[in-house]
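Sequence order for the protein chains is A and B.
Residue 364 in numbering that gives the first Met the number 0 sits at position 365 of the first sequence; the count goes up by one each step and never skips.
Residue 104 in numbering that gives the first Met the number 0 sits at position 105 of the second sequence; the count goes up by one each step and never skips.
No lab work stands behind these hints: they were computed from the structure.
Treat each hint with caution, since some may be false.
The following label-pair restraints were derived from C-beta to C-beta distances [unchecked claim]:
no., chain 1, residue 1, chain 2, residue 2, range
1, A, Phe-137, B, Phe-111, 26 to 36 Å
2, A, Asp-83, B, Phe-111, 26 to 36 Å
3, B, Tyr-84, A, Gln-318, 43 to 53 Å
4, B, Phe-174, A, Thr-13, 34 to 44 Å
5, A, Asp-268, B, Phe-111, 52 to 62 Å
The C-beta atom is built at its ideal place from N, Cα and C for all residues, glycine as well.
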Amino acid sequence: MLDLSGISRRFGATHALEDVNLALSEGEVLGLVGPNGAGKSTLIKIIAGADRPDAGEIRIDGAPVQFHSAHDSYAAGIRVIHQDAPLVPGFDTVENCYLGRAYPRRFGRIDRKAMRAAIAEVAAGIAPELDLDVPVMFLPPAERQFVRLLRAVADKGRLLILDEPTAALPAEDAERFYEVLRRTRQRGTSIVLVSHRLDEIAEFCDRAVVIRDGRIVARFGKDEVKPEAMIAAMGGSTSQRSTRETDTTAPKMIEIDGVTAGDLTRPADLAVHAGEVIALYGLAGSGRSSLVNAIWGAIPWGGRMRLMGADYAPRSPRQAIAQGVSCVPADRHRSGLFLSEDLIFNKTLPLLSGYRRAGGLPIPDTGAERAEFLVAAERVSLSYRDPRQLARTLSGGNQQKLIFSRWANRHSRVMLLDEPTEGVDVMAKATIKDIIRAIAADGNAVLVSTSDRDEALELGDRIAVFRQGGIVRIFTRAEASAEALSAAAQSREAA
Amino acid sequence: MTRTNLNRFGTLIAFVLLCVGFSIAAPAAFASPANVFNLIQQMATLAIVATAATLVMTISEFDLSVGFSASLAAVICFVLFGQGYDVWLAVPAALLVGLVGGAANGVLVARFGIPSFVATLALGTILSGFAFGLSGGQSLFQSVPDGFKSLARGDVFGIPVLGFWIVAVLGVAAFVLTQTEFGRRLRAIGGNAQAARLAGLPIVRDVIVTFAIAGGLSALAGLLLASRLGSVQHTMGEPLLLPAYAAVFIGTTASPTGAPTVAGTLLGVAITGVMVNGMTIVGVEPFVQKIMTGVIILVAVLLRRVGRTK
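This is chain B alone, in the form it adopts within the complex (with noise of 0.2 Å):
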């Protein structure tokens, strides 16, 4: 094995490591098929999102967004229930918002040039105050209809419903940007945005249907979650945004050149979700769980670095 595998899948045998190790410390709660059901339906929602911040990544942008249009998508869709309207308006109507509000962000950033840490965050901010607005502060949990609980609660032959969720979306993703022309050009456009511009790709087209698509697919992971806990609030989404960059940074340690992966994401997803999950039953205090998930982080990218100046 070369020193460059060594680094690559490096990543993906820590992984199994601390699987190994939790499954030694709890045999029976870590490594039990509930736990397991658990584990991913834990995981699922920032699955998504981490899938959002993984496309912007890939054109070398950021999305500081993500988690106040999950947010808001979670309270428009609970604000049209509680008017009465149905299933089938309120959810397209969510996931809608969240397309626009990643539009409008794509624009700030291709058309005005603002660059994307700024402009996400003030359209963020502006995102969250609607959710706020709309919530009036409280907690959202009336008149939800069954169809809605059905989108992430239960399971389909044992397998819990929010994992097919991960599959379909993070499925579609790495086949959009490994096997398909918009994808090339994303890694086109985040490798060298000049030379692509040059090149005669239609950057600011690509790169605002790249932030519409993560904005789209942050509401939907507010939606998920939404469905799953049966109640909203307007900031339920914010604690995603970290934990989503965090398996970003940790999945482009296992890629062969450094840039974001939809696989690499995941296994960051992964790593961070059992960590805290294994700790928890382990009976590690949630504080040290915080401070082992920093560390892991940084030790991640620090042994891929050291790897590469080699």
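Isolated chain A (complex conformation) (with noise of 0.2 Å):
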């Protein structure tokens, strides 16, 4: 039903896009795959027609077609839905879905029987088990996602662009979502999916295609798409797996003694050694952040604690970093950075008060400030401009790079990683690991909580495994596998 060709789009010297050709037929689901900052979102939006390209024809049905607006686009029957695309809390899947819609009428008054119907319908196609009726702010976050999809198929989109649907959801969850896809497909809707997540797009895709500096380098038909495939066209190459093992005569670092916290809700005990990773796998909700956190003060914990054999009780994370603890948290926009700051804000404002002069009044000196980020950048490889660009300029994986540089050049004894990689493409997936391993090889505890199974295998000397608010198991590295680290974050009767 869309066609592509010869799609071009500069801005200044840059080719954005070149020469891009792409078609798509009815109930065909493609995967759009690259690194950030390769060219997928100015395809979308020349897509959805929020851009325009400079050369290059769109056809829809075999028709040529101008986008002049986002209009347009959605005239032609082209959804984009964003994962975090706003709906009202306060109304209910069926008024959600008729937002920016005309409402049937009925005696010159809103029909809401009418409109209930006609979203029950289609909703009974892709998402049965979504309830219409209750304000969307009571759904799961899973479900809500369902509302966005059906409010796309609802308004007769013919054309679903998914950008990272499940970057939010935790495994379970995921399957939902795509199982509701399967169900929207099967009614002859097309599908273009962008994720980060490459064993999705390789289950569920017909075709793929890899997308590098503004062109398309690979294109992978139905029994081709491989995750393995996919990273090499990337560029990258595929992930290796520790083959560390925990040096257990190293001295213990930190040592959590029957602590809960939030979501921890049975007593957890661990200790970590000098040099180690200890990778803290779950699912969102098991736990594991919640540890994190109550080792960061950042929330109200229980139990005991010793930090290098001495009591360690944080009641907030300024304790913490006094005490040599470091932390990269989860959501770096919500929780940690500041945009519209420059770099070097960024970078030094955990541990400001090291850069005074030698008077010691509370005035930073920026020269010092402006040394140790070069030093710091250099160490986490950041690619940036000037130290003095404001940090949203910066692409994902370099905005998580600036986060880890505030505590690159300080001898810090534990350091606790929330998702690490989340949102950030594949090259700097792998720089970050190495830099993650880097940290530990200098003699810290690492501590890494993750959702994605392969990267705690990667990372992880020891994995432990979360469930239902509690650690199930910790494996050595000899004893985890993929499946047996599956099995325990998932099993419900072991619980």
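Fit chain to chain and form the complex, with the hints in mind.
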């Protein structure tokens, strides 16, 4: 139904897209894969009518079209669904699906029955379990995602473009979402799926294209869509598992003794040695993030902790920092960065008092800040234009490296990382993993909380698996395997 | 000049054009040394209250009690004068009340999580009640010591004393916000409070201190106003609230990221001050002045917005 030929788009001297050819037939699912900044967003914008190509042609059902605005593209049945597209929290599913549409009327009044019937009919086909009548703020995140999908399909959407639809969902919910998506395509709806989760692309898509530096560099047919092949096409190397074993003779840096906090409802015990990376693996809400936050002093906790043998009881991140603990929190936009401030501001903030001049007045020495920033940026291989550029102008992977840079030139003892590679492209992921290993090699204890099983296997010298508010098992390198981790994280009878 | 630069300096250019326009329209009356002297005196209290508002807006909060704090401080000072107390006791006492009132705002916001809009409105109303009660609803103007009058009157080398107050207060505030660790932390809290907390910043303390400073500055502005006028009414500070925030908002149009800055706020104060002063001299009716001032605020903010979305 959609046919793109020779699409090019330039911004100044850079080719955001160069001679892109792409066709999609009815009911087909195409995976769109590529590192951050490869041109995926530009391509989506062009299909959605939010941007216009400098050259090339778009055809819908064989007829050439010109999209002058998002409205034109919408009229052609194209729907872009962003993972955080706004819903009105107090409206139910039916009302949310009718936002921006003409309401059916009866005797001049809004015909609620007709609205509900129209939505219910579509919902029955793709997401029968969805409750249409409760305000969406009471729906779990996965079902809110169903609502976004339903809204697009119900208003005559023929081509859905999904941008990282499962990034915020735990594995189980992602599976439910794909089940709904599968039923959607059976209606003949075409789908373009953009995701960094390559295994999902491999499982769900009929075809996939890899885009890099504005060009399509590889195309994969149904039986060829494999994560390894896609990574290779993106210019990355396939991940390697850690082969290191824990050195149990190394001193214990942090000891967790019967700690409970937030989602972590069952007392957890754990000790991490110097030089060790321990992965905390589990679904969202399993307690692994709560443990990180407790050690960081960010949430109230109970139990006992010891840092290098001494009692450690942080009541705020400030106290944790003072004792040599560092943290890269999850969700960098909400919890990490100051997007409207420059890179140096973002780097030096947590340890700002370390940049005073000899006099001791609380006035940062900007020369010292810049010098340390340059060293730290080098160490985390941050790519940037100018130390004074705003943090919002960096790509996702570089924003994450910027947060790492905060701790790069200090001797910390324990480093906490929560979802350190979330929403980061394959290349940046590899760099970040190297950084993590280097931090451990310096003699620090590193705790990596992750919902990504492969990442846990790759990084962890040991892997603590969390399920339903507690640690269910701690695997050594030799014991760990993908199957064993999944079984431990998800089986219910053992709990 | 790039588009963003045009946006940033557009507000400054508008100010210059305004001055040039009034100078041409009323060369003798507007551009005279006497009028400039007068203009600075008129701007001073607003500039200080607007600086308080700037600090609070830097942490992305509002303080609606600034005008009430100014009134209460002035009333307390004059009531103490009436009971025979000296300037050296009355003035610090009045400033202290401003600081404590501001700190109370900060505690309500940072410790109890009450939205600052609500907390400061409620506390400001309480303060205004005290001002009303202490003054008895009367205008106070008796037994004011000469020392107090000299706080805001007269000149040094031809420059009005209030001009020095503007330079001192705004200079210190600008230095604190741009150069010190405290200022950095305030910008971080305003930019992303959650990230600031997770980065180990002492948010509760900083928020309380910021509100306390805002309360203290408002009290100072109230005292300077009282010194200049020589009398006090329990509602005298209230008309400062809206122009103070108007000045901050106009000022944000001159800042690179849209965050409030002291320099921008001074520009905002100057623009509104010159508008009112110039229009009065040219003979524009007061009601038209108000309408024009409102239009200027909207135009400044709209121009900035249009520039940004492009």
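Going through the numbered hints above, which ones does this structure break? Give me the numbers in ascending order.
5
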